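Relying on the hints, combine the two individually framed chains into one complex.
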Amino acid sequence: MSFRAQHLLGIEPLHPTEITTLLDLADQYANDPNSVRHRDVLAGMTQINMFFENSTRTQASFELAGKRLGADVMNMAMQASSLKKGETLIDTALTLNAMHPDLLVVRHPHSGAVDLLAQKVNGAVLNAGDGKHEHPTQALLDALTIRRAKGRIHRLSVAICGDVAHSRVARSNIMLLGKMENRIRLIAPPTLMPSGVAEFGCEVFHDMEEGLKDVDVVMMLRLQKERMDGGFIPSEREYYHRYGLDAAKLAHAKPDAIVMHPGPMNRGVEIDGTIADDINRSVIQTQVEMGVAVRMAAMDLLARNLRARRGAALEGVMV
Amino acid sequence: MTKTLFTNARLIDPVALSDTSGAILVEDGKISRVFEETHPDITGPAIVDCGGKCLAPGIVDIGVKVSEPGERHKESFRTAGRAAAAGGVTTIVTRPDTLPAIDTPEILEFVARRAALDAPVRVLPMAALTKGREGREMTEIGLLTDAGAVAFTDCDRVVANTKVFSRALTYAKSLDALVIAHVQDPGLSDGAAVTSGKFASLRGLPGVTPMAERMGLDRDISLIEMTGAKYHADQITTARALPALERAKRNGLNVTAGIGIHHLTLNELDVADYRTFFKLKPPLRSEEDRIAVVQAVADGLIDIICSMHTPQDEESKRLPYEEAASGAVGLETLLPAALRLYHEGQIDLPRLFRALSLNPSRLLGLKTGRLRKGAPADLVLFDADAPFVLNRETLQSKSKNTPFDGARMQGRVLGTWVAGNRVAGEDK
Numbered sequence: 022m023s024f025r026a027q028h029l030l031g032i033e034p035l036h037p038t039e040i041t042t043l044l045d046l047a048d049q050y051a052n053d054p055n056s057v058r059h060r061d062v063l064a065g066m067t068q069i070n071m072f073f074e075n076s077t078r079t080q081a082s083f084e085l086a087g088k089r090l091g092a093d094v095m096n097m098a099m100q101a102s103s104l105k106k107g108e109t110l111i112d113t114a115l116t117l118n119a120m121h122p123d124l125l126v127v128r129h130p131h132s133g134a135v136d137l138l139a140q141k142v143n144g145a146v147l148n149a150g151d152g153k154h155e156h157p158t159q160a161l162l163d164a165l166t167i168r169r170a171k172g173r174i175h176r177l178s179v180a181i182c183g184d185v186a187h188s189r190v191a192r193s194n195i196m197l198l199g200k201m202e203n204r205i206r207l208i209a210p211p212t213l214m215p216s217g218v219a220e221f222g223c224e225v226f227h228d229m230e231e232g233l234k235d236v237d238v239v240m241m242l243r244l245q246k247e248r249m250d251g252g253f254i255p256s257e258r259e260y261y262h263r264y265g266l267d268a269a270k271l272a273h274a275k276p277d278a279i280v281m282h283p284g285p286m287n288r289g290v291e292i293d294g295t296i297a298d299d300i301n302r303s304v305i306q307t308q309v310e311m312g313v314a315v316r317m318a319a320m321d322l323l324a325r326n327l328r329a330r331r332g333a334a335l336e337g338v339m340v
Numbered sequence: 020m021t022k023t024l025f026t027n028a029r030l031i032d033p034v035a036l037s038d039t040s041g042a043i044l045v046e047d048g049k050i051s052r053v054f055e056e057t058h059p060d061i062t063g064p065a066i067v068d069c070g071g072k073c074l075a076p077g078i079v080d081i082g083v084k085v086s087e088p089g090e091r092h093k094e095s096f097r098t099a100g101r102a103a104a105a106g107g108v109t110t111i112v113t114r115p116d117t118l119p120a121i122d123t124p125e126i127l128e129f130v131a132r133r134a135a136l137d138a139p140v141r142v143l144p145m146a147a148l149t150k151g152r153e154g155r156e157m158t159e160i161g162l163l164t165d166a167g168a169v170a171f172t173d174c175d176r177v178v179a180n181t182k183v184f185s186r187a188l189t190y191a192k193s194l195d196a197l198v199i200a201h202v203q204d205p206g207l208s209d210g211a212a213v214t215s216g217k218f219a220s221l222r223g224l225p226g227v228t229p230m231a232e233r234m235g236l237d238r239d240i241s242l243i244e245m246t247g248a249k250y251h252a253d254q255i256t257t258a259r260a261l262p263a264l265e266r267a268k269r270n271g272l273n274v275t276a277g278i279g280i281h282h283l284t285l286n287e288l289d290v291a292d293y294r295t296f297f298k299l300k301p302p303l304r305s306e307e308d309r310i311a312v313v314q315a316v317a318d319g320l321i322d323i324i325c326s327m328h329t330p331q332d333e334e335s336k337r338l339p340y341e342e343a344a345s346g347a348v349g350l351e352t353l354l355p356a357a358l359r360l361y362h363e364g365q366i367d368l369p370r371l372f373r374a375l376s377l378n379p380s381r382l383l384g385l386k387t388g389r390l391r392k393g394a395p396a397d398l399v400l401f402d403a404d405a406p407f408v409l410n411r412e413t414l415q416s417k418s419k420n421t422p423f424d425g426a427r428m429q430g431r432v433l434g435t436w437v438a439g440n441r442v443a444g445e446d447k
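Protein sequence lines, in the order shown, are assigned to chains A and B. At position 112 of the first sequence the residue is numbered 133 (our numbering), and the sequence of numbers has no breaks. At position 20 of the second sequence the residue is numbered 39 (our numbering), and the sequence of numbers has no breaks.
Chain B with its partners taken away, still in its complex shape (with noise of 0.2 Å):
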């Protein structure tokens, strides 16, 4: 029977939103035990001190682009599963828009299989919602979620026929499969490279406008209304969809909603001239929109902060920015990321956590997220001050596209335990 304590903590509970000076003993995987005093007087386990630093439960990353299959010299899941622990996240819950599209039990067999042999943290796949993710047919939810998919998404692709969505949702239903959507309306965010407004005219760059973010959002809540589907909505970035949201929840029905971290930090005046790493999808917002969303995150309206890890190779990033491709890494970026907000004394790390690790977990009916007795000893110790500037080069990730490159940042990971087995930092 293994066991380890961990001393001199600081211990962040977004369960009891607590943020208290304590200690924990892992036993088998599990958090067995948890103190009030730093130093409890147990013999036996073996001990790490954690030196009074933060103590939080791993992060569950919902939305993780690993380019397996069909695009490894992007990403693979050795990569991803390193990047991840050295982020301080222990659960990636993997998106399904990979080449081939990830739409059938032997190719989700497949991902799992790969992600089983070489990443050192939890990995859970997603599947394809339609085939292909071409919002025409429904995929084999039933067979997908025996396979072990924990949600159903096209990702940044809309379903744009209602009709097929509604069905989709309804179906859903029946086995309780969760259904996670990209909420923009087709017709006016197509084309799109930048959020519409003085910035986007200036550079003479084709915009969306905010609106169309609460047009898909306002669509998917009707339907949700009429199928009582479990739904998430992957990325709320504007406030004008923030009411829709929070009216959906006043009203009882199942419906979340997330936000990428790059949303919380960056506005659109970080493209500057035509910075294709800033590229993402939905576009950055304006800053107003940026206040407000950080805000929403810290009421709990919006549910999960996630990386939206999306790994690109210098190639579809050296490109004009109409051209390039959109996304940015985060695995690695994601802790000290959000550790701006906290910096900035717009969030506890309590209600940080709340959505890093807690409201995924709950939202995927994991046992994770928590630092209670009985839950996965899945645990991230940070030094919530430390500062560096990133070095893109540094990264564990294959592509090395993150917008935060010579940023000065606060928070750095000093270890990663996944079920009690250190996967980062210095003795594992």
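Bound-form chain A, shown alone (with noise of 0.2 Å):
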């Protein structure tokens, strides 16, 4: 049982037993979220939340995750404030810094913009979500959902589904659940596939048929608005007739296979109304009911770890 991380910037520099830690602390919040007991595990702490980039449900879930622990929440919507003014990444950094944070949640749409970030402060720095990058959050959500459903996180058949290329939730949830030794299987349209797919670990699909044939787990991926005309993919309407999840397509996967998706949706393009809503498949609610529990334990791990630090940097200057 150990989690020696200062930053949550990725799932690829974890190591198994740290997901495995997170995770089962992560269970008992999920088990009693609103529990006063936990109000003074963040208590005294500052957490600001830096959103270069929008996001609804995953800034509301971090704040909901710091104020279930007793940090003081600070939001920033960064769109609208300095980099208009051409404040560079590092300068607007530093000066937050400045400002002592704790917990820095960063959500940027560049790649690598949360690591280069993530080198100027004092404070601990979750990603939640670079670029096409990572968004650890959501794969560690996603794996508690499917541990709370399957009773493991191991030797499953996964198949995440849709806009792979472009998708940062994709590239952490392919990391995390090969760390943990699942099988994954991707599915999408060549044009939406990473380039070195086949050096990922991963089997590659073209078809949905063939793709979801008896996993486990169906993770279904957001397709953006702008890659769905001609760029990418020919038209909405046949990427839905050929890749969007309805009752015939799931019907080759097990049984109980669950069905996942990061949110928001869009139905009746890569999923099926029906599909999302039909309660014995989905667990796309169970997801976000995850969310908070799982930051709520990234969050507490991250100020144990900076509090240890701070401690060992006192007695250091003591001595």
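Hints were generated in silico from the structure; no laboratory data involved. Given the structure is predicted, the values throughout are model-derived calculations rather than measurements. The hints are all genuine.
Quick list of in silico lysine to any residue cross-link-like pairs, SDA-like style, CA-CA up to 25 Å:
no.	chain 1	residue 1	chain 2	residue 2
1	B	K217	A	H227
2	A	K141	B	D332
3	B	K217	A	I254
4	A	K200	B	D289
5	A	K246	B	A211
6	B	K336	A	A119
7	A	K141	B	S335
8	A	K141	B	K336
9	B	K300	A	S216
10	B	K217	A	C223
11	B	K336	A	L115
12	B	K417	A	D112
Selected chain A positions facing chain B (Cβ under 10 Å, derived; list incomplete):
no.	residue
13	S132
14	R189
15	M196
Each residue gets a CB set at the ideal place from its N, CA and C atoms; glycine is no exception.
Structural data, given as structure tokens:
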């Protein structure tokens, strides 16, 4: 049982035991999310949410998680502010660092931007999504959802379907599911597959029915509006016809397969509305619920490490 | 009449492809005799004892960006010249991708004047092929040639319009002017920050397929076949482009190719966690490609190794990877980095200097690049084995954007001479 990371920048640097530790703690929070007992976990700590890219759901989830743990939460809408005035990311980071935040939750449209920012600040940084790189808390909440539904997060057959090329959610999930020794199947039209996908250690399919055969978990990805027309796929309706999840395609998966989606959904584009609402198959609402628990656990663990580091530094000074 | 005798030297001769001990007599800025004995019995000249270290023709570096005019805070002729001298580079052939672009004889004259005033090494300017490097109208190739432009290039911008490019080539051909082009299919490479593949996908960065380079080269070769112009591809960095290059040469086309030192010594994985000092144009390639192009240099298929010296200040590099500027400084690290290939046994020293000194001189019709009687005494004396750890703060360049910061390197320049005058080393 250990969690050594200073920041949560992605799934890639995490050790499988760190993932398990985080999921175990998140499980406890999920069982009892509102308890007043949690109120002092982050008491006296400041959490700043910096979103350089639009987000309602993820930002709300982080805010709620922080508040439930007793942190002072501040939201900064970064698109509207300094970047418009020409300030660089580094300068913004240094300015914020001078306010001594303990936890920084960052989303940025460019891959690697959160890593860059983390090099310049003293607090713990949580990546809430950077470009097409990673979205670690999403993968962790997906893992927790799967673990609670299936009883385990190893030796499962998981299909990830849709716009894999542009999805940070897909990357983080591929990392996490791979580290936990699952069988991963990627299903997408070739134009929405990342380059070098053959070396990912995943099975690659361009046909939904073939790819979904006997899987335990079906993860759907959101198709961004700007990718729908002509550029990557011919049209929305052709995409739905070939890659949209409907009852006929889902019938190829195991009878007890669960259906996931990171939201927000495009009903009738990547997923049929009735499947999304089918309480026997869809765990989409559970994912949202687990999101708060996972973020509570992540911030709790990072805060513990932060306190330990500060304590060590303080002792160093006194000695 | 000033005379200098370089004794006890290990002579690296890229013409004869020989590596032998000997001595060299320099008179009035030119090599007047080459001796097979290490201590020839001549009285009179000043003696430089090479101590058995390597003496080679000075490096001729095609494609150096000196940020004058426009961005002198990044690099000036003074600092670039010092960096060159410190790196054993005796001729820098400057790029026109300045602000504004060097596309008129007037701007070219300004550059030539600044260079003559401040740089301790030879400076030969190139000019833009099209006005403003915009790929629409050709520049005054004739007047620019008269003003001293040694080649014409739009640098890292591809002239996408084939009609414009073919006309420029036809016109350049009539003046026997050299055209240097960047070979990348502009559509495929648009917006790319790295080479496509597993690494690009894991980092979530926009990639370009290595095939874009071959497509660019294939297109240009067709136009060269059509126009007969004298053509040099600035950087051939992928295995897939090599057969096309080989075929063009075999068919007798006037085609040569170069490569930047970073593509010979680094690969895409060096970018690691978004290290922007490794962001280059074209992007770093796979290890397979690197090995293939190193072999191509050893075989002589790729003619020229250059530094692609591109100074960038901290502000333009301390950004998210996609937004960061491309390019790395290389004048001072060119030789020690190139010696990595020698120490790894991939290329011998004469062949290395064929690519660093002789071939670029030949391409530009210069007499430099040779250890022969009558050649200018542009020389570099170096210890090929001396180890050191590079600290970027010690670089002479104003900009310190080297990917080799903290790297262990082998090979130190002990002295650099331009026309027989010492410009770097102990007793300058």
